[in-house]
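Novice: The chain contents come next:
2 protein chains.
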Amino acid sequence: MKNFPISKSRRLRSTPYTDRIESQGVSSYTIYNHMLLPATFKSLEADYLHLKKFVQVWDVAAERQVEISGKDSAELVQLMTCRDLSKSKVGKCYYAPLIDHNGLLVNDPIINKLAEDKWWLSIADSDVIFFAKGLAAGKKFEVEINEPNVNILAIQGPLSDDLMAKLFGDQIRQLKFFNFNYYEFKGRKYFIARSGWSKQGGFEVYVEDNTAGQDLYDYLFEAGKEFNVRPGCPNLIERIEGALLSYGNDFDNRDNPLEANFDRFMNLDSEVNFLGKEKLRKIREIGINRKLMGVKIDHDTIDMYCEKTLIDDENNIVGYVRSAAYSPTFKKVIGIAMINKPYWDLKTQFKIDINEKIFVGTVCDLPFI
Amino acid sequence: MKNFPISKSRRLRSTPYTDRIESQGVSSYTIYNHMLLPATFKSLEADYLHLKKFVQVWDVAAERQVEISGKDSAELVQLMTCRDLSKSKVGKCYYAPLIDHNGLLVNDPIINKLAEDKWWLSIADSDVIFFAKGLAAGKKFEVEINEPNVNILAIQGPLSDDLMAKLFGDQIRQLKFFNFNYYEFKGRKYFIARSGWSKQGGFEVYVEDNTAGQDLYDYLFEAGKEFNVRPGCPNLIERIEGALLSYGNDFDNRDNPLEANFDRFMNLDSEVNFLGKEKLRKIREIGINRKLMGVKIDHDTIDMYCEKTLIDDENNIVGYVRSAAYSPTFKKVIGIAMINKPYWDLKTQFKIDINEKIFVGTVCDLPFI
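First to last, the protein sequences are chains F and Z.
The first sequence begins at 1 in our numbering and counts up by one.
The second sequence begins at 1 in our numbering and counts up by one.
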């Protein structure tokens, strides 16, 4: 795939860490929530191998927060998601699909409950702030909605606990998955969650002060030498293996949450009130005709910049692969694909055109690992 | 400025014309509405000089449409903008700031009225679809809201009329500014508006069929040889000279429309009902403390990837420049800046740090030309 430079501007926002990652050798960017998000450093494969063995520090400031606070904030947040938050607790993180009036997906944030009347939606790549503002205005809710200056640093990889304990003390090892708390380092308090967009374990530091974040960034690299720390970023290979879905890539506002396998995060039979509830109940009753599954392709490379069609021997459409990369672990191209119902049997074979040559592949379950 | 490649993926959508512009030598991209938008071909300056003299064909598919139709569509569209649309007519285009509940800017689309109950909002870079969906759900409006498969080709430059007349006949020369109509070429009908993101004149073709668009693209280059046609894109220098504002660059959801000089497109004393009306009336009454103005800087280059501070001789903040480029016409860097009230006098001098050297500049009116 030919390389095209990104034309920088204020509209593609830099982060407080941009200067640092550029001096450390970031080699490509994507744009996420109108902001620079690093996509590779050494290479997709080298970054992948390192992430699975050591520890990385990620500039994921592009995971923006939508802060919703005030008297009607809980009602508004609940209205946007099909996950029942009525028993949610302060200090916990909730992965929650956001749904529109038609039962279609808007985003899949982690919802952090900071107080009974204060929430941070840590969003994927769509402007949830305008969905919330529109709804709140239409409903005449008493809420404040804004995007605070929060710029997340993620610490990811099997040695994350060791690195973080060195800075924040051993008590951080006790922090449970999808919980957050405040921890101190050099006289400053940091909001830290055990979460992150990899399956290798780690933390996300929600930094509210630019200088505090930049200092922490530098300390992490200083303290991390013994753990072979490197700068990194969400890794396409690793996230496909772990089936960490990406809004805009694997699903979007044309898909419903049942098609995207969000069943575990849906409470259609609950008492709570949310958009699209009746539509989703009807969809569940009728049943879906397509869903996200894994695919393995017998080839060693793939360029993805739009979805690619999968066909059977009679040229019927099996489905569309939406994200894919070569996996050094499987020694195949692996991908996430929207597969039509007649082809849901595991090991269904299909054909795919990659750079004008035909390759074969099979349908499989998600996640890969 | 060092070049960083863009990491392509389905999430950064390609357009029906991407293959063509890549084979024609697009040299950098920006991302706009989650889609590839070309930023340069030969160079910013070469593209600029050509645009002002000849004719260019632009892949501006990233100017996405939000289609709003149905019984309550006019009420919903009006609710989102401070421009009075009560006397709007089918076949006309309306440049209209979108405003949230707090009187802050959400986007500045061109609103095309297709029928009394069907509208296309041709949007700048923010997800207006979710603002509209949120509002409609909150208000229980009877509307359909979606993003149709429309991929705009713009024909821009002083020879646009000649090129378009060669394909669509001389009647297209009669199309008035900010009007649209349907025109036929080789048995197909195209929705064409006299509009575009340059001050050089031209048209935007709202293409609803990918093949029809690709064919038109090829015909334009074939027919355009005699006019020295080239592929192009919205040009940073030209659009700053003409003060064509860019959401996310020059203003955003932290700014109100009075600060962004949208006075001509605001009807705060009208009878119509829109979000933020009372807030905006209050802001008008109190008066604003900053507004967008032009700046000229005595230098020949500038890299913009975040706003840059302008200071006076006593280190007080004069304002922030948000977009800037070297203009071969003015032989200076020109820019669009948010200037604080004490410095609104024309020819106010300021200092600016560009790559760790101090340069001087002056405040001026917009547009430059």
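Hints in this document: simulated from the structure, not taken from any laboratory.
Everything numeric in this text was worked out from a predicted model, so none of it was measured.
One thing to keep in mind: the hints can contain errors.
Which chain F residues face chain Z? A few, computed with CB under 8 Å, are given here [to be verified]:
#, residue
1, K2
2, D19
3, R20
4, G25
5, F130
6, G134
7, L268
8, E271
9, I311
10, E314
Backbone N, C-alpha and C fix where the C-beta goes; we use that ideal spot for every residue, glycine too.
Novice: Hint compliance check: list the failing hint numbers for this structure, sorted ascending.
Specialist: 2, 3, 4, 7, 8, 9, 10
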